[in-house]
Amino acid sequence: MMTRVDLVGVTKHFGSVHPVEDFSLSIQPGRVTALLGPSGSGKTTLLKMIAGVLRPTSGDIRFDGESVLDLPAPERDAPMVFHNALLFPHLTVEDNVGFGLRVRKTRPAERSRRVAEMLQLVGLQDLGTRRPKQLSGGQQQRVALARALVVSPKLLLLDEPLANLDPDLRSEMRELLLNVQRSIGLTMVLVTHDQEDAIVIADQVALIRDGTLVQEGVAREFFERPASAWVAMFFGAGNLIPGERTNNEVVTPLGRLRVISESPAFGPVLVTIRPEAVVLDAVEGQPNSFQTRVIAAEFRGTHIRMQFTAAGVDLEATIPVDEAKSYAVGDTVRITLPPEKLWSLPAEEKRPLRPSPRT
Amino acid sequence: MTATQRMDRVPSPSPSPSSSPTPSRRRRHRERAGSRLAAVLIVAIIVLPLVPLVINSFARGYVFPQLVPAEWSTRAWSIVLATDGGTWRALGWSMVVATTVTALALLVALPAGRVLGLRSFRGKRVLEFLVLTPLLVPAVAVAIGLDITFIRLGLSGTFWGVVLVHLIPAAPYAVLILAGAFANYDADFEAQARTLGASPLSVFRHVTLPAIMPGLIVAGFIAFIVSWSQYVLTLQIGGGKVLTLPVLLVSTASGGDMAITGALTIVYALPVVVLLVVASRHVARAGWGMTGT
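Going line by line, the protein sequences match chains B and C. Residue 1 is where the first sequence starts when you use the numbering used here, and the numbers rise one by one after that. Residue 1 is where the second sequence starts when you use the numbering used here, and the numbers rise one by one after that.
Calculated directly from the structure, the hints in this document are not laboratory data. Note that beta-carbon positions come from the ideal geometry of N, C-alpha and C, so glycine has one too. Warning: the hint list may mix true and false statements.
[Said to hold, decoys possible] Each computed EDC-like pair below joins lysine to aspartate or glutamate, with the alpha-carbon atoms no more than 20 Å apart:
(1) B:Lys-133 x C:Asp-188
(2) B:Lys-105 x B:Asp-95
(3) B:Lys-133 x C:Asp-186
(4) B:Lys-133 x B:Asp-95
(5) B:Lys-154 x B:Glu-117
(6) B:Lys-341 x B:Glu-316
[Unchecked claim] Take a look, some chain C residues computed to stay more than 10 Å from chain B by CB distance:
(7) Ala-33
(8) Ala-39
(9) Phe-64
(10) Val-68
(11) Trp-77
(12) Ala-103
(13) Lys-124
(14) Leu-135
(15) Thr-149
(16) Leu-153
(17) Gly-197
(18) Gly-240
If we strip away everything but chain B, and leave its shape as in the complex, we get:
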């Protein structure tokens, strides 16, 4: 089943705490949408409001165009999978998975058939008689997923389903979620603080900060066209060059830099470029090229992370391992910031620019 979800000006206040403020988003049917943000940004509160566990202070939530505000959680068909799985400890794995069917008074024969089907789907068909305590964290998470899917939901809500898993279990669970999504094709909303999870799993990403929507779109746009310096930082862009933009040129301490014409900001701006887009050993006379001094070269396994300085501006680049041999700290290198990769941002107010993406 594919349900479209619209959040319209959703606000939640707990006394003087305002975890969600005027949040609007259209969640596309049959796709995976990630609500991405640092911890404490209000994303789980949003998820709970979609599930019907919390009621918004104001605003509206619509499933396929119809308001569900007065629909209690049990009737929304939008099961939530919590980050700590929350398997009922007094029930076996089978009974946990069958819980939603039992409270719907599904016939026992039908129930056990569907439970077996779901356990098969998550690859735990042999563990049906176990107790939750006898399972590993990854297995518990799978059972929780099966328990949510068994009721043929309209919508699946996942709250940090990968947060408590080891790295190899994470990728396994990611694969499982993607497979489930592909085979069932239901609408999924995923809450995560990990940009990598969001990028890998989600078709649509909504970045949240302090309970408000900062930017929404496909993952790539966050890298190439961040809406603000904060977004750029959250997605690991280290290069922020202050300047003054007129037309497609920005006057910076490094000289005049040409930027992408669709860049949104004019006047006082920050110019940004992905570290992997910086080109080294440029020929003199190329646009956007200048001399820099190497201040760091760190081996990172799959790449080398270089840091440069020029005219009081620090720049960052990542380059393939085999190219790196020739650079040492103190070397002078001519680098180019290709105009088609340069994006300008509004020079933000001096808010703390340090989001805490856990990477």
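Chain C: place on chain B using the hints.
Using the frame of chain B, we list chain C on its own:
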């Protein structure tokens, strides 16, 4: 260095059953012996005081310095257990009163304990203290004043009057025990059940109740005992019309017949011992809490 570390991570073959007891197994052995000793001690503390009573109840002319009675008799037991005697009626009163008090105490304690255990709010400490106050003030002090009110309300000398007055000491215990049970409970389990389609009643039956069952059993047991052992309050409010076992027991004891008093005390103590055994079994079996991580 790294090689040995890696070696350590290789799963070692499981020890063969014939191998000699490992230190950890010996420790487990010692722990089991320790808990067995504790169990024996607890049983002794509960059961040993009953032994002289049993001897007394079968004795005829049992006086100091005899270690055992010179003569044995079932006279006392035939009087106490006589079908037309007051024992059965008193047992009936006690059972009905204590059961009703337990049910009502739990009914009050479930919502109250939930709020105290799960929520944090301004004045919570004060509220917890207020819940405790009935246990701090001597019951007699309250009972005399209360009796006047109860006479006016027509509750004096009635079953419900006694039940109400028993709730004064019984309910606070139940509330505090259930508050403890709820404090270790993760209410997200209920949110989880609701999103899976469970109605409020289903959530309570399939999620909340199993999770707090151990606390509920203990709270119920304590409420029952508190009511079962009330003498002063029952006498004050019941006015001799609600003749529970303690009331009968005290009047019998003042009669001075040690044999009959002994037999009656056993009738009084036995149900509680049986209940204790049953309750502790259930608590042990229900020993999984729904605590969050």
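Comparing the hints with the structure gives:
1. A distance of roughly 18 Å separates the Cα atoms of B:Lys-133 and C:Asp-188; the hinted pair therefore holds under the 20 Å criterion.
2. Of the supplied pair hints, the one linking B:Lys-105 and B:Asp-95 holds, its CA atoms being roughly 13 Å apart against a limit of 20 Å.
3. Between B:Lys-133 and C:Asp-186 the CA atoms are separated by roughly 16 Å; this keeps the pair inside 20 Å, and the hint holds.
4. The hinted pair formed by B:Lys-133 and B:Asp-95 meets the criterion: a straight-line CA distance of about 14 Å does not exceed 20 Å.
5. Our distance criterion of 20 Å between C-alpha atoms is met by B:Lys-154 and B:Glu-117, whose separation comes to about 18 Å.
6. For a cut-off of 20 Å, the pair hint linking B:Lys-341 to B:Glu-316 stands: about 14 Å separates their Cα positions.
7. In this structure C:Ala-33 is separated from chain B by more than 10 Å, as the shortest Cβ-Cβ distance comes to about 27 Å.
8. Every Cβ of chain B is farther than 10 Å from the Cβ of C:Ala-39; the closest lies at roughly 26 Å, confirming the non-interface assignment.
9. Listed as a non-interface residue, C:Phe-64 keeps its Cβ farther than 10 Å from every Cβ of chain B; the least gap is roughly 56 Å.
10. C:Val-68, annotated as away from the interface, keeps every beta carbon of chain B farther than 10 Å; the closest lies near 51 Å.
11. Under the 10 Å C-beta cut-off, the non-interface status given to C:Trp-77 relative to chain B holds; the minimum distance is some 45 Å.
12. C:Ala-103, annotated as away from the interface, keeps every beta carbon of chain B farther than 10 Å; the closest lies near 24 Å.
13. With 10 Å as the threshold on Cβ separation, the claim that C:Lys-124 sits away from chain B holds: the shortest Cβ distance comes to roughly 16 Å.
14. Remark: the non-interface label on C:Leu-135 is consistent with the geometry, its nearest Cβ contact in chain B lying 32 Å away (cut-off 10 Å).
15. With 10 Å as the threshold on Cβ separation, the claim that C:Thr-149 sits away from chain B holds: the shortest Cβ distance comes to roughly 41 Å.
16. With a closest Cβ-Cβ approach of about 41 Å to chain B, C:Leu-153 is found to remain outside the 10 Å limit, as its non-interface label requires.
17. Remark: the non-interface label on C:Gly-197 conflicts with the geometry, its nearest Cβ contact in chain B lying 5 Å away (cut-off 10 Å).
18. A cut-off of 10 Å between C-beta atoms confirms that C:Gly-240 is not in contact with chain B; the least separation is 47 Å.
The structure does not agree with numbered hint 17 stated previously, though it agrees with all others.
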